[in-house]
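Taken in sequence, the protein lines are chains A and B. Going by my numbering, 165 is the number at position 165 of the first sequence; the sequence numbering is gapless. Convert by adding 237 to the 1-based position in the second sequence; the result is the number in my numbering.
Hints were generated in silico from the structure; no laboratory data involved. Any given hint could be a false lead.
As the list claims (entries may be wrong) - Here are some, though not all, of the chain B residues that point toward chain A, as calculated from beta-carbon distances under 8 Å:
#1 K363
#2 I393
#3 I437
#4 P441
To be verified - Far from chain A, by Cβ distances over 12 Å, these chain B residues were calculated:
#5 G247
#6 L280
#7 R292
#8 Q302
#9 S389
#10 I392
Ideal Cβ positions, reconstructed from N, Cα and C, are used throughout, including at glycine.
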Amino acid sequence: MPIEALDRTSLPGLRVRGRNVIALVLAPEFPISAWFAALDRQISNVPGFFADRPVVVDLAAILEGAPESALVILEGLESRDLRLVGVEGVDPVRLEATPWRRLASILNGRDISLEGRAQSRRRDLATPAPSLLIDGPVRSGQSVVFEAGDVTVVGAVASGAEVIAGGSIHIYGALRGRALAGLKSGAEARIFCRALEAEMIGIDRLYRTAEHWGPPLHGRPAQVRCDRDALKLSPLV
Amino acid sequence: MSTVMVVTSGKGGVGKTTSSAALGAALAQAGQNVVVVDFDVGLRNLDLVMGAERRVVFDLVNVIQGDAKLPQALIRDKRLETLSLLPASQTRDKDALTEAGVARVIAELRERFDWIVCDSPAGIEKGATLAMRFADLAVVVTNPEVSSVRDSDRIIGLLDSKTVRAEAGDPLPKHLLLTRYDSARASRGEMMKVADVLEILAIPLLGTVVETPDVLTASNLGCPVTLHNPNSPAARAYAQAARRLLGHDHFVGRQQVRRGGIMSRLFGKRRAAA
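With the hints as constraints, model all of the structure from the sequences given.
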């Protein structure tokens, strides 16, 4: 039946819902070959890191120097099976007639994220940030994602589980899985746990896997924070 | 008041079927009316372990699809009058199970039995999720090694989210049954200790079944170990687990394990029973 023949009222109502998703932002830097080598090392060290996660590429740093390298970078990222959902810091006109043209024009996440971050820094102390309390262990295979603020877990985070928070992460138990903090608050977020046995920890855009910290910290109460663009792990006494 | 108990683990080969048969028989020996249901459609084993493989005519899938009535598919144990088996189909696969069909069969079994023991297949797919779906109680079978413990942790997460009870906001009681345990190897550090497993899984301990040749012998003879050799350490552990399930015996709490009390408790009781 042609569409025109349908009575307008018989068409189903269209339901549209809003959804926030968390994308990882990659900002390539010069020299590009070294940057890709570092990316490959990350991917081989933590194979699941990018798995099925949306990725946004920030090309601002690249385009100031060599605008023609944008296509090389985007091709390089796609060949590594990253799920590109957006390109930032580039004029959509420049990507005209490439497969990434729409990626550049649909996302304007940059302003929103900057705004969110500025707001969180200026946060009025009288109105505390929202927090999420998990009153029990986070089991293997479970993923706790709370973009709005801090996450507190009263129990352990199992191997194969992950906790992702907009702010800090507090774990009153052993951290054996992954904890990624500071998606919204940035470098001021911290991770606390009663026993550090994690597979991976991350704050803001920095992360480390278990092999980066030695036996002295393993199994001990610890805190993780950002210090001058590096993750700093220290025992909690 | 009937109880639906799922015996599950995530990982294969840890002793779900052996434990289902042994716990089912132990509950039946304690006077309960018990049915053990094999949910491992396509890879049925429970009939072998219970020595009923030559008596299977109709199975769970036949009942779900309406080809047979429930009493036609139930096989009563020849040794224990109060123990029955509902076998799985060997020629079908897990897609033959439907949630509505399983719900109907479980409801029918509830009218006839005190205990419905659901022997779950390995994995976290349809067979395993339907075996746990209507449970009132879960027994998580775990071996003292890291992959089994992590898989059990995953299953506990599913028990807390995918069961009818959990969806209604009523937390499902979960008990740990540690099998193939060797205390000598654990004390030498070659195997995880009971306390290590409890620390990770954080659920109460129903029992510790030591690694013993009796279990394999009993399985090969098609007789639950609690019936075959009631005095073997494994049979006693299952019998004690059954008493705990019936509320006749206390659970071993985490603190007691930390104090190193578990072995003396278990062995002390065992001596008292002997």
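Going through the hints against the structure:
no.	hint	verdict
1	K363	violated (17 Å)
2	I393	holds (5 Å)
3	I437	holds (7 Å)
4	P441	violated (14 Å)
5	G247	violated (9 Å)
6	L280	holds (23 Å)
7	R292	holds (39 Å)
8	Q302	holds (32 Å)
9	S389	violated (8 Å)
10	I392	violated (8 Å)
The earlier numbered hints that this structure contradicts are 1, 4, 5, 9 and 10.
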